[in-house]
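Undergrad: Generate the whole structure from the sequences, applying the supplied hints.
2 protein chains.
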Amino acid sequence: MTKIEALQRIATRLRIHSLRMTTQAGSGHPTTCLSAADLAACLFFDEMRFDPRKANDPAADEFVLSKGHAAPLLWALYAEAGIIPLASVLDLRKFTSDLEGHPTPRMPWVKVATGSLGQGLSVGVGIALAQRLDGAKARTFVLMGDGECAEGQVWEAANAAARRGLCNLCAIVDVNRLGQSDPTMHEHDRRAYAAKFKAFGWDVVTVDGHRIPKILEAYKRIGKAGKPTAIIAKTVKGKGVSFIEDLNGWHGRPLKTDELARALGELGCLPDVDAKAFVKKPRPFKAPRRGRQGPVPRTAYAEKTATRLAYGNAVAALGKVDSRVVALDGDVKNSTYHDKFFAAIPERSIQVYIAEQNMVGIAVGLAVKGFIPFAATFAAFITRAHDQVRMAAYSFANIKVCGSHAGVSIGEDGPSQMGLEDLAMFRPVPGCVVLYPADASAAEGCVATAADHQGMVYIRTTRPATALLYGRDEPFPAGGSKVLRRSERDEAVIIAAGITVHEALQAAGELGRDGTAVRVIDAYSVQPLDVGTILAAAKETGGKVVVVEDHYPAGGLGEAVAEALAGRAQVAHLCVRELPRSGKPQELLDAYGLSAQHIVAAVKSFRR
Amino acid sequence: MTKIEALQRIATRLRIHSLRMTTQAGSGHPTTCLSAADLAACLFFDEMRFDPRKANDPAADEFVLSKGHAAPLLWALYAEAGIIPLASVLDLRKFTSDLEGHPTPRMPWVKVATGSLGQGLSVGVGIALAQRLDGAKARTFVLMGDGECAEGQVWEAANAAARRGLCNLCAIVDVNRLGQSDPTMHEHDRRAYAAKFKAFGWDVVTVDGHRIPKILEAYKRIGKAGKPTAIIAKTVKGKGVSFIEDLNGWHGRPLKTDELARALGELGCLPDVDAKAFVKKPRPFKAPRRGRQGPVPRTAYAEKTATRLAYGNAVAALGKVDSRVVALDGDVKNSTYHDKFFAAIPERSIQVYIAEQNMVGIAVGLAVKGFIPFAATFAAFITRAHDQVRMAAYSFANIKVCGSHAGVSIGEDGPSQMGLEDLAMFRPVPGCVVLYPADASAAEGCVATAADHQGMVYIRTTRPATALLYGRDEPFPAGGSKVLRRSERDEAVIIAAGITVHEALQAAGELGRDGTAVRVIDAYSVQPLDVGTILAAAKETGGKVVVVEDHYPAGGLGEAVAEALAGRAQVAHLCVRELPRSGKPQELLDAYGLSAQHIVAAVKSFRR
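Chains as they are written, first to last, in the working numbering: chain A, 1 to 608; chain B, 1 to 608.
Be careful, since some hints might not be right.
List time: in silico DSS-like cross-link candidates among lysine-lysine, alpha-carbon distance up to 30 angstroms [claimed, not checked]:
#	chain 1	residue 1	chain 2	residue 2
1	B	Lys94	A	Lys94
2	A	Lys256	B	Lys584
3	A	Lys304	B	Lys304
4	A	Lys281	A	Lys137
5	A	Lys198	B	Lys224
Computed footprint of chain B on chain A, listed as stretches where at least three residues anywhere in the stretch have a Cβ under 8 angstroms from a Cβ of chain B [stated by the list, open to error]:
#	region
6	114-123
7	149-163
8	377-391
9	429-440
10	556-569
11	580-591
For the record, the hints were derived by calculation from the structure and aren't laboratory data. Glycine included, every Cβ here is placed at the ideal spot set by N, Cα and C.
TA: Right, here's the structure in full:
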């Protein structure tokens, strides 16, 4: 049996598995598996190098299934490679199986969750960058759909890959002509895709995606031009089963039992071939040992400092003693203060330009390979990457995100630049820790917490300089809070975070002069919230709670506190209740009801 | 004085105004105004047609300042055109002025808020499409920065414009080489931008952006190739002031008073020219009268129906009697059921393919011209357009967004396809109404409410078919709720929405058989919440409230209720508290604690 024959047989087996498992599950996307079966067979059983016994091997080539709805094909590939038992694929989409409807890293060979289209190439850029940083000869392959090339993020990723000359990155575009609901924009026009990838600086090969010798030839060209390579493959959706081939209306639709029988009749019986024998092992390679080389020094601040500046200092200091740390920035590093890191450690600094979706995708890819990426932009603009953040959580990605310039306290630039919904965006993210430091030391402490936390952490920083509250070595663990004012006579508790902590302290001073003692809590850990301290404070102050935050009413600190206290206290919630406008920072804090005088009034207004 | 001389003088005036107003404000972005001054002078005072007395004129060409940080240039243009008094520009960035740091439609000539980069071209596509739908000869111009071309959304918009042959759309790219923190990716390489736009199907002209005769020539080519036109203009950031020209570090930095004096010395005194005399009026045009032609018929459903299907029926029915309604869809119209509209009214249906950011941007552009766009995709994927939704709110855009397939109740497709954070995304959006129907009639009622509401509305729909609860003509106003079970003996209240209303009713039945009466509220209007009914119910049931929602804990119905009730009731919150996985819908509702049995247990667990 020639290699070509063997690969053809493997491809047929992949098709049969994909059809069987989706019919068994009663849902799923078989036709998109059939279009990519030949491309995937050649990739896994001739081109890629990996060891089926090692899911995490720095020597191995990596694979990202960007078109995540082709999950059955992926499970079939793993079964053929001997990674999972063949019988297990029939558990597809069951609650008890890790072979989910779209890939997630519950199955350890899956490095990132996919299924929201157009994200895989960014992750591939991150993985390929990590391989290069480690000096590995390994490559990264991303299998994409044609439909998902309509997502702008694909072109953000294409830019980044070309810009960095990632010749170890290959995008395989399965041009099967049909989207979910309609033919795609360019249908079978391979030249349209080729022109785009060329214009974005890639080497491009077009190929018939069902002719195995041609596919093998195309793969041989990968990386030869010193650029990332795009293989534009013309394929047929449903290929191999005459009555579904190239037909609209068969996306996300499994065959019925009788249709499956007919299809299997056309494909023939499961061809005999030992696919495992065709797996190519990688050449041995040991990645450099990365980690913490010593304690992270913290800065002793002497005067008012913006938390964004202290954050920048801390990430740079961390990077100097931890070779896993990478900084990414969306062309605002002189505002987020990632420029400190960029200046100190250029080799682990990534300017992603104004492309926040790609920034988060690259960060996820770097995290896959053990790096600890810190990605920063304005809090307002991180909303651009909401879907990528969501998918990062489903990837269990160990990434850190910083949103600077939060709230109306930025002042004159106006609402488009104010992050007023970022807490509501990050709090629902499963497992995400949300930290919001009120002073420079807290910012440094939050960076330390973020670095040591396994999983996603969001840090919210403030534009203006703020007074110092904490000593140099104060710890800021996730789930903690700081009680800044406290007496036995406290008549209410003010819960604040970030910029509003300073307003709360001022209000407490004013109230104190009037003879009203109040407790002040810095709830720097917005999530998890320090529910114990807050409940105790509410109880000890007669259940009178003011929450003040530079954020819209929904989804932020105020609702978190209301939920935690439900039934146990009155809560007055001061926050930005209308669409703000340009103005001076203090003017805006006052206009939108966040300043000390409003806090004083709220405390005075409680039912006694 | 020749036209060329006049335009040069106007450009110098624009430069002087931009420098003065930013120095006066003490913040802002003068250098980006200087690079675009010549392009803008030629556009406003020779190429574009508009009547300075009419901010909303269907005959007029439209202008979108995508590079929103050049706001001072825009205010200067309006002043020169006689739209606003020249003296008013010195109020830039003051709290009392509508001339904000980045443009917002508080100033009526600004049609959309900009300042989050890379969004203007999508809006331009929407406006140009609206002009074409209306049969206007008017054109749309979008002034873009080079840096923002790194945003993928630009290429989503480029695709859409080419696909639809929008020869009435022109993108002017101000290639001034410098971003905020670094030189841009392509610096002054105009060919790099040209190649990209060409590959995306545009006619491209490259030009020296400071040579007025060449600029005028370039503008003459707009639309001639039957394609959208991109003018790629090489410019110098800070042009005209020697000590800031082409220098990194001058983004977002006004001149100090002494620097301003030096700059004005170089630019000379304010040149004498009556710019107003150069404004070209449009040829008269009356847009077709659009509006409601009759009552919107509602469907009488006879059996279990998915809310997404009823939503699709309702939008199609609405579109048939209201010529303002447009449907947009991100290649999932057979899932959102926008395919009903597409089949009935193809001329007002827009397939945007898999490009959610562009979908929302186009919707905003259509709304600018008086259309009522309904844009739909999976609730999970609308997170892709979070930043665009945010900016739409700052644009006061009258758009309607539908997120289908909300929650774990979608079943086997897995978490990447489940919208579990969409309520937390839309609730903070200023002014946004959030509706979540529980049955087919409610879905139709919510569409009717959305159509008649001026402003953004989000409608959340469910994948599986659900039982019928309401009669055909039941109204579902914003801010309302429906009390579905009620007695004098109610011992608790269950607040639910969408799919969980059915679980709540089942739980109420079971509890009733055990002798425990409970109230059930369908809180279909998640925002504004019907606080009055909820407070009354809590009071009448001894302050025992269960909230059950198919959403993550933060930012959804549960926290909304907790905030509303703060201090007045115990709240048990049933929601999805971990990262879900694939499984059958009912299996997942049960596994994640949302099903009737969990509600029963929650009611029984209250402190008495």
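Undergrad: Of the hints given before, which are not true for this structure?
TA: 1, 3
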